[in-house]
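Engineer: Residues per chain are reported as follows:
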Amino acid sequence: GAVVSQHPSRVICKSGTSVKIECRSLDFQATTMFWYRQFPKQSLMLMATSNEGSKATYEQGVEKDKFLINHASLTLSTLTVTSAHPEDSSFYICSARGLAGVYNEQFFGPGTRLTVL
Amino acid sequence: AQKITQTQPGMFVQEKEAVTLDCTYDTSDPSYGLFWYKQPSSGEMIFLIYQGSYDQQNATEGRYSLNFQKARKSANLVISASQLGDSAMYFCAMREGGGSARQLTFGSGTQLTVLP
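Chains as they are written, first to last, in our numbering: chain X, 1 to 117; chain R, 1 to 116.
A few of these clues could be false.
[Said to hold, decoys possible] In silico DMTMM-like pairs for lysine to aspartate or glutamate, Cα to Cα no more than 25 Å straight-line: (1) X/LYS41 / R/ASP55; (2) X/LYS41 / R/ASP29; (3) X/LYS41 / R/ASP26; (4) X/LYS55 / R/GLU96; (5) X/LYS41 / R/ASP86; (6) R/LYS3 / X/GLU105.
FYI, nobody ran anything at the bench for these hints, they're computed from the structure.
Since this is a predicted model, take the numbers as computed values, not measurements.
Produce the entire structure from the sequences given, and follow the hints as far as they go.
Structural biologist: Shown next, in the form of structure tokens:
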């Protein structure tokens, strides 16, 4: 399957700082990228959907000013958690979808574990 | 209402035995796709199997098969000949309708533990 990378894999930061997470599709062009967050022992919750060159569409309850998403190219999307607080500590997973694959399936990155102290 | 329901928070199976993980879904869209993903403790989401709503036959991928019962709106995952490495969290997911921007909706997951 297609490869999606995320960087960093793990980040620890102080409360009040901003953290940027990168998501890259390595061998295909991702027309759509999705950002999820996952709390321990829970399911993946969609935060936002972004199409290349367009503003992201956020799910209800997700603060767009706090979780800034940029999808400037067909291979890169970034999620910036601004002024992070301990309650933002979570596992963030990106997913990319292009026109590749029989099912137009979503390919997931390995995730980024954010810990806010 | 929940779109994807997984009623088994945890399941145990003996190594080399088969196990069925339950998934029911709710949609009024005639076109949809059903997915199963495996998430080991490392966190990565591993795609296992896909079933389209118009597919006539149940999907199979190696030791994984999907028991698709459209009238009951169920899409159970069957893992045959369980291995210790199958221990992980398993998520059922659905994508409704067509279009490349449609997102996946996930169930709450089932933690499978394979016993030696």
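Engineer: Please work out if X/LYS41 and R/ASP86 have their alpha carbons no farther apart than 25 Å.
Structural biologist: holds, 17 Å
Engineer: Checking one constraint from the list: CA of R/LYS3 to CA of X/GLU105, max 25 Å. Satisfied?
Structural biologist: Distance of about 19 Å is within 25 Å: holds.
Engineer: So if I understand the rule, the pair passes when the alpha-carbon distance is 25 Å or less; does X/LYS41 with R/ASP29 pass?
Structural biologist: Status violated; Cα separation ~30 Å.
Engineer: For the pair supplied as a hint, X/LYS41 and R/ASP26, confirm whether the alpha-carbon distance does not exceed 25 Å.
Structural biologist: This hinted pair holds, its Cα atoms lying about 23 Å apart.
Engineer: Within 25 Å, alpha carbon to alpha carbon, are X/LYS55 and R/GLU96?
Structural biologist: Roughly 22 Å between the alpha carbons, so the hint for X/LYS55 and R/GLU96 holds.
Engineer: With a cut-off of 25 Å on the C-alpha distance, tell me whether X/LYS41 and R/ASP55 pass.
Structural biologist: violated, 32 Å
The structure is inconsistent with the numbered hints 1, 2, although it conforms to all the rest.
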